[in-house]
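Visitor: Assemble the complex: chain B is given as a structure, and chain C must be docked to it using the hints.
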Amino acid sequence: MINVKVINYGGGNTGSLVTAFKKIDINLTVAKHEADLMTADLLVLPGVGSAKSALFSLEKDGWLPVLQARHEAQKPILGVCLGAQMMFEYLHEAQKPGLGWLHGEVRPFTAEPYFNNGWCHLEWSAFESIGLSRGLKPTDTFYFNHQFYQPVDPAARVVAIADMPETPALFLRNHLCGIQFHPEKSQHAGALILRNLIADYYGL
Amino acid sequence: MAFKRIISTLLVKDGMVVKSYGYRSWRPAGKLRSALQNLDRWQTDEILVIDISRRAGLDPEVLRDITSAGISTPLVYGGGIRTEEDIHRLLDVGCDRMVLESLALDEPDRIHEMANLVGSQALIGSLPFVTTPQGIHLWQDAARGVGEILSHYESLPLSEILLIDAAHEGFAGKGHAAIESCIDTFPGSKGIIWFGGLDESIATRLLRHHRTVAVAFGNVNFERELRVPATRKSILEREGSSLRRTRIR
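Each protein sequence line maps, in turn, to chains B and C.
Under my numbering, the first residue of the first sequence is numbered 1, with each subsequent residue one higher.
Under my numbering, the first residue of the second sequence is numbered 1001, with each subsequent residue one higher.
Extracted from the complex, chain B is given alone in its bound form:
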């Protein structure tokens, strides 16, 4: 059985993630101790909220050192929405550094409507050769809810792009995966992405 953990630092929709993983027959549980973060096959870093509040909570609750240790050990980490944004060097919203695992600054949308709230198509890039879109149709849509967008780290593979300009929707870099949309709230299509990611990319 796959051991998948999620960090509950008060800024994430852990309940929805647990439900989504249950639908693909994976028992996602909340990490209670630092050791949970190192022993998990996959760690989910969620995020619904403001970057400032999320980074503060991660630091206050003492998760940062063990998160860094897991990253340095190159163990799989999946960041969702703000969880993916926190992997970058700097977060404009928080006006402070992120986890620094990827290059670039997470910036706000600068043109109206200043938000991306709702359902978008994904455009799959040339990097999509690992089966992440297996079972999906071109008409499938995914739920986004954000006002800041990820930069493109040249070392990462941007696998999917939302049809709002300059908005990477899914990137991979070795053991890291960042998803800007909410697979846990993207109905059947979101569940397919999670299943494909875990089985085909991480091989779990």
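Everything labelled a hint here was simulated from the structure, so no lab data went into it.
Errors might be hidden in some of the hints.
Pairs of lysine to aspartate or glutamate residues, derived as DMTMM-like cross-links and limited to a Cα-Cα distance of at most 20 angstroms, are as follows [claimed, not checked]: (1) B/Lys60 with C/Asp1092; (2) C/Lys1174 with C/Asp1106; (3) B/Lys52 with C/Asp1109.
With the Cβ distance kept under 10 angstroms, some of the chain B side facing chain C (calculated, not the full set) [stated by the list, open to error]: (4) Asn8; (5) Pro113; (6) Gly118.
Quick caveat: nothing in here was measured; it's all calculated off a predicted structure.
Beta carbons are placed, not taken as given, at the ideal position from N, Cα and C, and that holds for glycine.
Guide: Structure of chain C alone, referenced to chain B:
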């Protein structure tokens, strides 16, 4: 740009889903958990739960129902949100966005605090209005015009505005006639969610407005089995390009 959304609204009173008529009378319409699961199965774009019980604080029974429903459809919650603790509890049970009314109207500093906590993309300002000889104004407060409130909301960290035709809420085909004709004269550029008295024809027309991000249906969701996908199909036939297509399994 994201697709425009068709939202399914569930009004909850004392733990039960109700059909509401003009915010004045209500009839029981079923259990929240099963209503959420039905809407999730029908792949509605977003579910809006509004607790109209006017109780102090969030209803634990409602939160339990949301958790146990286990849905994978975006969920918006409104009603009785007062504190940061409320926001955390709503996130924990799987709510993605929150509708704020009293705080948005009267305590703007609190909206800034909540935006610092959860991000303004997650906050929606509610504006229930009525049309009277005095003009179009806040429901139960003729002294506060809609234009004034929209201007006020524009200055707050809110992502969208829920514009509720309170008098016609529950009466399909009656809503938004007066405000629709003058919405362009009001200030602001935030996206609008229209709710109250919509039918497929009105919704289709409103979806063509540049400020519209969503239309929300309430009572009509309960008229018959599979009404939600039928409504989507009908509006798609009239206004297909701005809406997503779903695959119901």
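Visitor: All the hints need checking, so say for each whether the structure fits it.
Guide: Comparing the hints with the structure gives:
1. The straight-line distance between the Cα atoms of B/Lys60 and C/Asp1092 is roughly 19 angstroms, inside the 20 angstroms bound, and the hint therefore holds.
2. Between C/Lys1174 and C/Asp1106, the direct Cα distance comes to roughly 29 angstroms. Violation of the 20 angstroms bound is thereby established for this hinted pair.
3. Under the criterion of a C-alpha separation no larger than 20 angstroms, the hint pairing B/Lys52 with C/Asp1109 is consistent with the structure, at around 18 angstroms.
4. The restraint placing B/Asn8 at the interface with chain C holds, with a minimum CB-CB distance near 8 angstroms, inside the 10 angstroms limit.
5. Checking B/Pro113 against chain C by beta carbon gives a least distance of about 6 angstroms; that is within 10 angstroms, so the hint holds.
6. Nearest Cβ of chain C to the Cβ of B/Gly118: about 3 angstroms, under the 10 angstroms cut. The hint holds.
When the structure is compared with the earlier hints, a violation turns up for hint 2 alone.
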